[in-house]
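Asker: Protein chains in written order, with the numbering used here: chain A, 898 to 1146; chain B, -9 to 311.
To be clear, the hints were calculated from the coordinates, so they are not data collected in a lab.
Where a beta carbon is used, it is the ideal one built from N, C-alpha and C, also for glycine.
Please note that the accuracy of each hint is not assured.
[Stated by the list, open to error] Lysine-lysine pairs mimicking BS3-like chemistry, simulated, CA-CA at most 30 Å apart: (1) A:LYS960 to A:LYS1063; (2) B:LYS293 to A:LYS960; (3) A:LYS906 to B:LYS293; (4) B:LYS(-3) to A:LYS906; (5) A:LYS1078 to A:LYS1138; (6) A:LYS1063 to A:LYS1023; (7) A:LYS1078 to A:LYS1063; (8) A:LYS906 to A:LYS1138; (9) B:LYS293 to B:LYS(-3).
[As the list claims (entries may be wrong)] Not the full set, but computed from the structure, chain A residues with beta-carbon under 10 Å of chain B: (10) ILE971; (11) VAL988; (12) PRO991; (13) MET992; (14) VAL1016; (15) MET1022.
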Amino acid sequence: MTESLLEIKGLNKHFGGIVASNDVNLAVTRGRVHAIIGPNGAGKTTLIEQLSGQIRPDSGDIKFAGRSVIGDSIAQRARNGLARSFQITSVVLPMTLLENVMLAVQGNSGHSYRFWSPVKEDSDMKAAAMASLAEVGLDDRAGRIADNLSHGEQRQLEVAMALAMKPRMLLLDEPMAGMGKDEGARMVEILGNLDGMTILLVEHDMDAVFSLADQLSVLVNGHIIATDTVDNIRANDEVQKAYLGDGHA
Amino acid sequence: MNWIPAKTSTRIYLLLLLLLAPAPHFFDWIGQPFYLDLLSRALIIGIAAISLNLILGFGGMVSLGHAAYIGIGAYCVGIPSYYDYYNGWLHLGLALLVSAVFALITGAISLRTRGVYFIMITMAFSQMVYFTFLSLEEYGADDGLVIYSRSEFPEWLSMDSSSALYYWIFAVLLLSLYFTHRLVHSRFGRVIVGARFNEQRMQALGFDTYRYRLVCYVIAAMICSVAGVLLGNFTGFISPDMIGWARSGELIFMIIIGGTATLFGPLLGTIAFVVLEELLSSITVYWHLIFGVMLVALVLYGKGGIHGWLSRFDRDKVEDD
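Taking the hints into account, I'd like the entire structure generated from these sequences.
Answerer: Listed below in structure tokens is the structure:
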């Protein structure tokens, strides 16, 4: 049997009367791309935030690499190899691309209680950051201020930062959101090239999901109603009714 | 690399520092020792402002209680002197220690809050210090305490004359500027600045922002306490008045006037503040009113303060600090 890197068991989260996660069970196999689809308000982002530590679940357990991470802070989970990209672009804006990615490298290279040496002259860190930028095709724009990038490029930068953390797993929250057709295709290509990376992908763009994902889970009203291979999900009547509708049949 | 800095604003600042160096001789020469006093005071407050800028400007932690550390530093000169302990190293060591411990405890609590709550809680802690000193009858309470002799150092480090004290102040100023410069560009500085822009993002990158901020808070407090030691020696008199929250407010204004999150901004702001205060108060007793209007105008229209204005002359727009 293949090994799961991430295991979610009986996860529940309520916001007052709203059920965001209702007994969510999910296992993501090492080296696979697992996509989560579901209508707006199904609780996809809430699920990601529980995994990355922004939100504490009411009950249930999250195991990453065999160890429960429920008690870990956001930073601990990140250092442990669970890297997250944000749905709302939230790069550290007023810095250059290189500086942004170097921060991500820095987060993964020991403590930062170093008060004296200039970061700028750290050639190892710079090289690692440039490598991540190259992976998403932004290395030619490394000196630009992140603020001035197009929306699509900022999303690519998000992915570069996540990669620079040398994660064991990527949590991608709608990486294609708000992108044009070309930008979206570029992102699919970038993600498709990340060979062997374990990814949990939350995405609205069905074409992207179908081309990238190995496994697919459908989240409706905070509950996973089906998990299966992409082909089987497409053929599943219940899923069709709940989410995909006629357009994608 | 060229030894002349590329940016016009940086050149102006270095020139300013060069001009400040011979100040005691200059004021002596023109027979105006009073101006040396004014300048010494401005530079001491400048050091305090530089330290506050570390957390307020670069770190985005708006503390309204930073003057407490000036007070702690000054009382670490005053109280030992009261018992005839004049050793300067003792004064300095005590100031650094007490300010670090106090900042560690109060910072650990304050930094769990954000925004207005952080402002209020830092102010509350500084008022605690204020009322503590106010109630210490033994050390003069609200009348303050006279320090009869300056901190004692070895001959070559003596601060006994006003020009020697000036060079002490000037040296500490240079050190705090250089230290800030190194700090801001170090790994630690990157974390602090990054957390100001987007704390959650920094956490998601694996940084325990709370701890880094706390360390930064303690460092700023310790630098400020040295300003307090200098101030105690300079005025030869300490009183709770040094600590009130209004003093902390003034420090914030100085930073805004000069330019937040810039290396030289706080120093420029402090000099401008002290000079304006002096000029206006010699013209009219209602100088606070004029001063207030000027500050409002500056906050409304003078984005970036004096540094922002000067850096318009810089050819390249690379971020300096």
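Asker: With reference to the structure, classify each hint as holding or not holding.
Answerer: The hints, checked one at a time:
1. A:LYS960 to A:LYS1063: Answer holds: LYS960 of chain A to LYS1063 of chain A is near 19 Å, not above 30 Å.
2. B:LYS293 to A:LYS960: This hinted pair is violated, its Cα atoms lying about 49 Å apart.
3. A:LYS906 to B:LYS293: violated, 52 Å
4. B:LYS(-3) to A:LYS906: Since the Cα atoms of LYS(-3) of chain B and LYS906 of chain A sit roughly 58 Å apart, the hinted pair is violated (cutoff 30 Å).
5. A:LYS1078 to A:LYS1138: holds, 27 Å
6. A:LYS1063 to A:LYS1023: holds, 14 Å
7. A:LYS1078 to A:LYS1063: Within the cut-off at roughly 29 Å; holds.
8. A:LYS906 to A:LYS1138: Holds. LYS906 of chain A to LYS1138 of chain A sits at ~26 Å (cutoff 30 Å).
9. B:LYS293 to B:LYS(-3): holds, 19 Å
10. ILE971: holds, 4 Å
11. VAL988: holds, 7 Å
12. PRO991: Holds. Min distance 6 Å.
13. MET992: Since the shortest Cβ distance to chain B is 8 Å, the answer is holds.
14. VAL1016: holds, 5 Å
15. MET1022: holds, 9 Å
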